[in-house]
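Colleague: Sequence:
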Amino acid sequence: MNPSVFREYDIRGLADQELTDPFCWALGRLLGKRAKEKGEINAYVGQDVRVSSPRLARALGTGLRAAGLDVRLLEPGPTPLTYFAATVEAPPFATKTGIMVTGSHNPAEYNGFKMVVAGKTLFGDDIRSFQDEVLAGVSEAPAKMDTDFIELRRSEDYIRFIRNNIRPGRRLKVVIDAGNGAAGELAIASYEAIGCDVVPIFCEPDGRFPNHHPDPTVAKNLTHLIAKVREVGADLGIGFDGDGDRIGAVTAQGKILYGDHLVLYFARDILADQPGATIISEVKSSQVLYDVLAKWGANPVLWKTGHSLIKAKLKETKGALAGEMSGHMFFSHRYFGFDDAIYAGARLIEGLRFRDETLDEFMDSLPSMVNTPEIRVDCADDKKFDVVKRFTERAKKDFGSTAVNDIDGARIKMLDGWGLLRASNTQPVLVLRFEAGNAANLKKIRDSFATILKDIDSTISVP
495 MNPSVFREYD IRGLADQELT DPFCWALGRL LGKRAKEKGE INAYVGQDVR VSSPRLARAL
555 GTGLRAAGLD VRLLEPGPTP LTYFAATVEA PPFATKTGIM VTGSHNPAEY NGFKMVVAGK
615 TLFGDDIRSF QDEVLAGVSE APAKMDTDFI ELRRSEDYIR FIRNNIRPGR RLKVVIDAGN
675 GAAGELAIAS YEAIGCDVVP IFCEPDGRFP NHHPDPTVAK NLTHLIAKVR EVGADLGIGF
735 DGDGDRIGAV TAQGKILYGD HLVLYFARDI LADQPGATII SEVKSSQVLY DVLAKWGANP
795 VLWKTGHSLI KAKLKETKGA LAGEMSGHMF FSHRYFGFDD AIYAGARLIE GLRFRDETLD
855 EFMDSLPSMV NTPEIRVDCA DDKKFDVVKR FTERAKKDFG STAVNDIDGA RIKMLDGWGL
915 LRASNTQPVL VLRFEAGNAA NLKKIRDSFA TILKDIDSTI SVP
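Heads up: the sequence shown runs through residues 495 to 957, numbered per my numbering.
Hints in this document: simulated from the structure, not taken from any laboratory. Because the structure is a prediction, the values reported are computed rather than measured. The beta-carbon is built from N, C-alpha and C at its ideal position, and this holds for glycine as well. Heads up, some of the hints might be wrong.
Label-pair ranges, simulated between beta-carbon atoms [unchecked claim]:
no. : residue 1 : residue 2 : range
1   : 586       : 791       : 42 to 52 Å
2   : 636       : 868       : 37 to 47 Å
3   : 626       : 770       : 44 to 54 Å
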């Protein structure tokens with residue numbers, strides 16, 4: 495077995511090579527034991543639309559049963575549906591444990607598991623703590639896995655909740671691009687339930703993802719959505735990743751709203767209802783986000799990148815909203831604090847309904863900065879964290895410790911902007927991002943980073 499499948503936020507690997515039936519069974523048995531220790535007797539197993547997901551779900555479920563839990567499969571759907579099922583009880587099958595079988599936005603040959611046990615999302619040390627026991631348990635797996643699981647549908651409950659939670663208002667035309675992932679059908683039904691005219695593209699579930707990669711935070715994956723919004727004269731377009739926990743959005747004119755734009759859009763309405771609310775984002779977000787939030791009277795918090803880390807920080811601070819550049823959005827205001835792109839899209843629709851301002855006008859109202867997207871540079875897993883450590887130490891000497899925020903890598907204030915270097919927790923890469931008031935200063939910041947990196951390791955260059 496490959497130990498690298500145990501990642502910071504989830505378990506993920508090649509479905510047919512690394513996530514074998516015995517591995518899934520051993521993982522299920524261990525998670526079942528942990529749930530039993532917390533007093534749980536039931537568990538949900540959710541599944542996305544990948545070809546390998548039914549096999550993995552049944553092997554995992556067999557392991558959960560081996561630990562003494564009663565197990566129900568959920569119909570194929572997005573990760574937020576599993577979170578919802580493990581949050582909103584539906585007697586007589588009540589549980590706070592839900593394991594989602596999903597490869598998220600990874601290529602079709604991958605799959606994995608996102609885990610909530612007794613109401614707690616597992617990540618970091620939780621995952622590392624059971625790696626050895628899972629690998630040791632693989633040899634004890636049975637030759638055949640169970641196939642007699644009862645499937646429960648929770649989508650009707652979810653749609654009913656969305657309909658009752660989102661305020662009615664003027665009718666909008668919305669284009670949805672699910673990238674043939676797991677969110678399409680539930681998103682269509684949810685948005686129609688709140689009174690939208692929905693134009694779907696690539697909403698037919700197909701785990702091979704034949705039209706484009708299901709990652710709505712990459713601009714090239716939004717070209718079809720932008721074209722369709724313009725073609726049909728829609729008010730907005732909403733895109734989803736493969737398992738429906740990350741959102742992308744575009745305006746009527748085709749401008750892309752990235753994660754920090756969305757946080758600001760949502761925060762404005764939340765602050766009107768809850769003045770002074772804590773709003774959380776991460777080290778890759780624009781300084782504009784934090785400055786505008788402070789101007790609006792919020793308590794802005796800059797935190798580490800990572801959906802599990804952000805979710806935990808939201809709970810710790812009793813914040814109202816958190817969001818990442820990657821499109822994970824977390825609402826505690828009127829919702830449950832987990833990342834749900836369908837719900838985030840519904841809140842975007844609600845906000846637009848009650849304003850004369852279009853999304854294009856909102857984007858134009860924000861302070862203008864020049865910034866880069868995420869820049870990813872290959873760097874081996876056994877090397878990347880050391881590179882960031884050495885870079886941070888050098889940056890503190892060169893620029894002063896007060897200029898360097900080292901909460902997650904090094905975010906350095908320079909000129910009229912900032913630069914960031916951090917190690918990815920999910921891939922063998924270094925992540926960089928730069929922002930400044932003009933292109934000349936952006937280049938100076940980038941060049942400063944490139945010089946330090948070159949001094950530390952001559953094989954690393956900033957594109």
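Colleague: Check each numbered hint against the structure and report the violated ones by number, ascending.
Modeller: none
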